[in-house]
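Work out the full structure: start from the sequences and follow the hints.
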Amino acid sequence: MRKLSVKDTVLKAAEARNDKWGQMIIDRIQHVSDLVAVDAKYNACMKNLYNVPSSTGLKRRQRSVSNVNEAMESIYSYFSENSDKCQFSMNELINQIKGDYRPDIRTIKAHLLQKYGDDILLVKTAQKPPIVCFRNTGFKILTNAWYDEKKSDKREKRLRVVRTAAAIVLEHTIESL
94 MRKLSVKDTV
104 LKAAEARNDK
114 WGQMIIDRIQ
124 HVSDLVAVDA
134 KYNACMKNLY
144 NVPSSTGLKR
154 RQRSVSNVNE
164 AMESIYSYFS
174 ENSDKCQFSM
184 NELINQIKGD
194 YRPDIRTIKA
204 HLLQKYGDDI
214 LLVKTAQKPP
224 IVCFRNTGFK
234 ILTNAWYDEK
244 KSDKREKRLR
254 VVRTAAAIVL
264 EHTIESL
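For any residue, its number in our numbering is found by taking its place in the sequence shown, counting from 1, and adding 93.
Because the hints were derived from the structure by calculation, they are not lab data. Keep in mind that the hints are not guaranteed to be accurate.
[As the list claims (entries may be wrong)] Mimicking EDC-like on lysine to aspartate or glutamate, the simulated pairs with C-alpha atoms at most 20 Å apart in a straight line are:
hint: 1; residue 1: 217; residue 2: 197
hint: 2; residue 1: 208; residue 2: 197
hint: 3; residue 1: 233; residue 2: 174
hint: 4; residue 1: 247; residue 2: 268
hint: 5; residue 1: 105; residue 2: 120
hint: 6; residue 1: 221; residue 2: 197
hint: 7; residue 1: 208; residue 2: 163
hint: 8; residue 1: 233; residue 2: 163
hint: 9; residue 1: 178; residue 2: 197
hint: 10; residue 1: 221; residue 2: 185
hint: 11; residue 1: 202; residue 2: 185
hint: 12; residue 1: 233; residue 2: 211
hint: 13; residue 1: 202; residue 2: 241
hint: 14; residue 1: 191; residue 2: 212
hint: 15; residue 1: 233; residue 2: 212
hint: 16; residue 1: 208; residue 2: 166
hint: 17; residue 1: 178; residue 2: 241
hint: 18; residue 1: 191; residue 2: 211
hint: 19; residue 1: 208; residue 2: 174
hint: 20; residue 1: 100; residue 2: 127
hint: 21; residue 1: 113; residue 2: 127
hint: 22; residue 1: 208; residue 2: 241
hint: 23; residue 1: 244; residue 2: 211
hint: 24; residue 1: 100; residue 2: 120
hint: 25; residue 1: 178; residue 2: 212
hint: 26; residue 1: 100; residue 2: 112
hint: 27; residue 1: 217; residue 2: 185
hint: 28; residue 1: 247; residue 2: 212
hint: 29; residue 1: 178; residue 2: 166
hint: 30; residue 1: 191; residue 2: 174
[Claimed, not checked] Computed spacing ranges between beta-carbons, pair by pair:
hint: 31; residue 1: 114; residue 2: 206; range: 33 to 43 Å
hint: 32; residue 1: 177; residue 2: 211; range: 14 to 24 Å
hint: 33; residue 1: 269; residue 2: 230; range: 45 to 55 Å
hint: 34; residue 1: 214; residue 2: 160; range: 22 to 32 Å
hint: 35; residue 1: 166; residue 2: 109; range: 31 to 41 Å
Just so you know, these numbers come straight off a predicted model, no measurement behind them. Every residue, glycine too, gets a C-beta built ideally from N, C-alpha and C.
If you want it as structure tokens, here you go:
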């Protein structure tokens with residue numbers, strides 16, 4: 094078995110790029126027998142050599158940002174649809190993402206903290222996926238239910254106001270005696 098030389102490795106990577114820069118590298122080192130002898134600085138450009146430009150013309154970062162935003166919108170809409178729940182597993186959230194792209198858990202956590210701030214709590218447990226909790230969901234549900242119940246019966250509300258007024262008048266009368 095023959096081990097590839099640095100020159101062969103660079104040539105293969107340049108051919109795989111299939112672009113103008115790759116062709117320039119091939120033309121320059123193709124007839125050189127020893128890269129070190131001609132002071133070739135292949136270490137500095139090897140990383141760039143393997144970063145093949147995308148065929149769509151979008152940079153990887155731009156494509157990635159739009160994919161992350163789409164994925165996060167799926168998670169945000171899942172939160173809206175399940176606003177009565179206060180706890181979600183990270184796997185449950187990842188499963189709500191539509192499409193093939195799945196952001197890293199660290200990326201999801203960062204976006205959740207950025208959007209919800211102190212209202213969200215990310216809990217990592219031993220040997221289990223992280224849990225996402227909303228801090229005040231239970232309080233909000235109870236408060237909304239109480240106010241909805243109070244709003245529903247106008248006659249009951251009026252009776253409560255009259256009783257409160259009567260208690261104030263009675264208290265004032267007793268104090269003045």
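Review point. Does residue 191 pair with residue 211 here, judged by a C-alpha cut-off of 20 Å?
Key: Roughly 27 Å separates the two Cα atoms, so the pair is violated.
Exercise for review: For the range 33 to 43 Å, tell me whether the beta carbons of residue 114 and residue 206 fit it or not.
Suggested key: Holds: the Cβ-Cβ distance is about 39 Å, inside 33 to 43 Å.
Review point. At the C-beta level, are residue 177 and residue 211 separated by a distance inside 14 to 24 Å?
Key: Hint holds: Cβ distance 21 Å, inside 14 to 24 Å.
Practice item. Would you check the hint for residue 100 and residue 127, treating anything up to 20 Å between C-alpha atoms as holding? Key: 8 Å, holds
Review point. Are residue 221 and residue 197 close enough, with their CA atoms no more than 20 Å apart?
Key: With a Cα-Cα distance of about 16 Å, the restraint between residue 221 and residue 197 holds, given a limit of 20 Å.
**Study point:** Outcome for the supplied range 45 to 55 Å, where the beta carbon pair is residue 269 and residue 230
**Key:** The hinted range 45 to 55 Å holds for residue 269 and residue 230, with Cβ atoms some 47 Å apart.
Review point. Is the hinted pair residue 217 and residue 197 satisfied, with a Cα-Cα distance of at most 20 Å?
Key: With a Cα-Cα distance of about 15 Å, the restraint between residue 217 and residue 197 holds, given a limit of 20 Å.
Review point. Would the pair residue 208 and residue 166 pass a check requiring their Cα atoms to be no farther apart than 20 Å?
Key: Distance ~11 Å between residue 208 and residue 166 Cα, so the pair holds.
Check your understanding: Would you say the C-beta atoms of residue 166 and residue 109 sit inside 31 to 41 Å of each other?
Key -> 35 Å, holds
Point to revise | Restraint check for residue 105 with residue 120, where alpha carbons must lie at most 20 Å apart | key: Holds, because 13 Å separates the two Cα atoms, which is no more than 20 Å.
Exercise for review: Please work out if residue 100 and residue 120 have their alpha carbons no farther apart than 20 Å.
Suggested key: 12 Å, holds
Check your understanding: Given the hinted pair residue 178 and residue 197, is their alpha-carbon gap at most 20 Å?
Key -> Violated, at about 24 Å.
In this structure, the hints that do not hold are numbers 4, 8, 9, 13, 14, 18, 21, 22, 23, 28, in rising order.
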